[in-house]
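Model the full assembly from the supplied sequences, consistent with the hints where possible.
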Amino acid sequence: MSFRRFSTQTLVAAALLLAGCRDKEVVSYRAPRDSAPPPERPKMAGAKPELPDGHPPIGGAAANAPAGGAMGGMAAAGLPTDAVSKNNALVWTAPANWQERAPGSIRKGSYTVPGEGGAVGDLSITAFPGDTGGLHANVNRWRGQVGLAPLSDTDVEKSITSFEANGLKIILVEMVGPSGNPPTRLLGAIVPYERETWFFKLTGPDTLVASQREAFRTFLSTVKAR
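Residues in the sequence shown are numbered consecutively from 1, following the working numbering.
Warning: the hint list may mix true and false statements.
Result set (EDC-like, lysine to aspartate or glutamate): computed pairs, CA atoms no more than 20 Å apart in a straight line [stated by the list, open to error]:
#1 LYS158 - GLU194
#2 LYS224 - ASP206
#3 LYS169 - GLU100
#4 LYS224 - GLU164
#5 LYS201 - GLU174
#6 LYS201 - GLU214
#7 LYS224 - GLU157
#8 LYS158 - GLU174
#9 LYS201 - GLU100
#10 LYS201 - ASP131
#11 LYS169 - GLU157
#12 LYS169 - ASP122
#13 LYS158 - GLU196
#14 LYS201 - GLU164
#15 LYS201 - GLU157
#16 LYS224 - GLU100
#17 LYS224 - GLU214
#18 LYS224 - ASP131
#19 LYS169 - ASP206
Think of the hints as simulated: they come from the structure by calculation, not from any bench.
If you want it as structure tokens, here you go:
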């Protein structure tokens, strides 16, 4: 009986030991799997990259800006760009070979008129309130600029001509004086308009300005109210 009891106890212990070993083999650890990245949305051809809020547009220009900028659009409309840029009451079209310059604070328009041998003339356009002293005073002021003595009112009247263009009266005067080397010639036009007086003046070497006489008159015939 004692041997049988011992054998039975031995078998039970062995069975428990074997069961414990099997339990350890069954236990396992599963690590969490990485989630798959979301699929990338296809990019449309020519699409611009997304930018942070407040970032200026790439390229430095607004998306809706017209080609050529604001002035480009005005030029396309056929308006003289010099007059448009200054918002002048009068507008004009200059000859193609006259070179436009920045008008500055007083001038409404400014051009360099090229001539032979590197000679250049200067075309200025100005406007002032009122009659600025009247016709006679303005003609004599120009005479003084080229080194000439003033004329009497009667002689001033004899020295001018006038014509009308686009509803405007244009008063013409021409003079040549000893100032400068060579002497300086001046072609001038006085145009009263509303409550202002406009002055168109071409000055430069005698021969150059004389050669521009017809071009100057043609230029004046393009002057008109906006």
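Each hint, compared with the structure:
1. Distance hint between LYS158 and GLU194 is unfulfilled; the C-alpha atoms sit about 25 Å from each other, more than 20 Å.
2. Restraint check for LYS224 and ASP206: not satisfied, since their Cα atoms lie roughly 29 Å apart, outside the 20 Å limit.
3. A C-alpha spacing of about 25 Å is found between LYS169 and GLU100, which places the hinted pair above 20 Å, so the restraint is violated.
4. About 11 Å separates the Cα atoms of LYS224 and GLU164, which keeps this hinted pair within 20 Å; it holds.
5. For the hint linking LYS201 to GLU174, the alpha-carbon distance of about 10 Å falls within 20 Å, and the restraint holds.
6. Restraint check for LYS201 and GLU214: the C-alpha separation of about 14 Å stays at or below 20 Å, so the hint holds.
7. For a cut-off of 20 Å, the pair hint linking LYS224 to GLU157 is broken: about 25 Å separates their Cα positions.
8. Simply put, LYS158 and GLU174 have alpha-carbon atoms about 12 Å apart, close enough for the 20 Å limit, and the pair holds.
9. Our distance criterion of 20 Å between C-alpha atoms is met by LYS201 and GLU100, whose separation comes to about 14 Å.
10. Note on LYS201 and ASP131: the hinted pairing holds, with a Cα-Cα distance of about 16 Å set against a maximum of 20 Å.
11. A C-alpha spacing of about 15 Å is found between LYS169 and GLU157, which places the hinted pair at or below 20 Å, so the restraint holds.
12. A C-alpha spacing of about 23 Å is found between LYS169 and ASP122, which places the hinted pair above 20 Å, so the restraint is violated.
13. Restraint check: the Cα-Cα separation between LYS158 and GLU196 comes to about 24 Å, which exceeds 20 Å; the hinted pair is violated.
14. At most 20 Å may separate the alpha-carbon atoms for a hinted pair to count; LYS201 and GLU164 meet this at roughly 18 Å.
15. For the proposed pair LYS201 and GLU157, the alpha carbon gap of about 18 Å is at most 20 Å, so the pair holds.
16. For the suggested pair LYS224 and GLU100, the alpha carbons sit about 19 Å apart, so the restraint of at most 20 Å is met.
17. This hinted pair checks out: LYS224 and GLU214 have alpha carbons roughly 18 Å apart, not beyond 20 Å.
18. Between LYS224 and ASP131, the direct Cα distance comes to roughly 19 Å. Compliance with the 20 Å bound is thereby established for this hinted pair.
19. Taken as a hint, the LYS169 and ASP206 pair is broken in the structure, with Cα atoms around 26 Å apart against an allowance of 20 Å.
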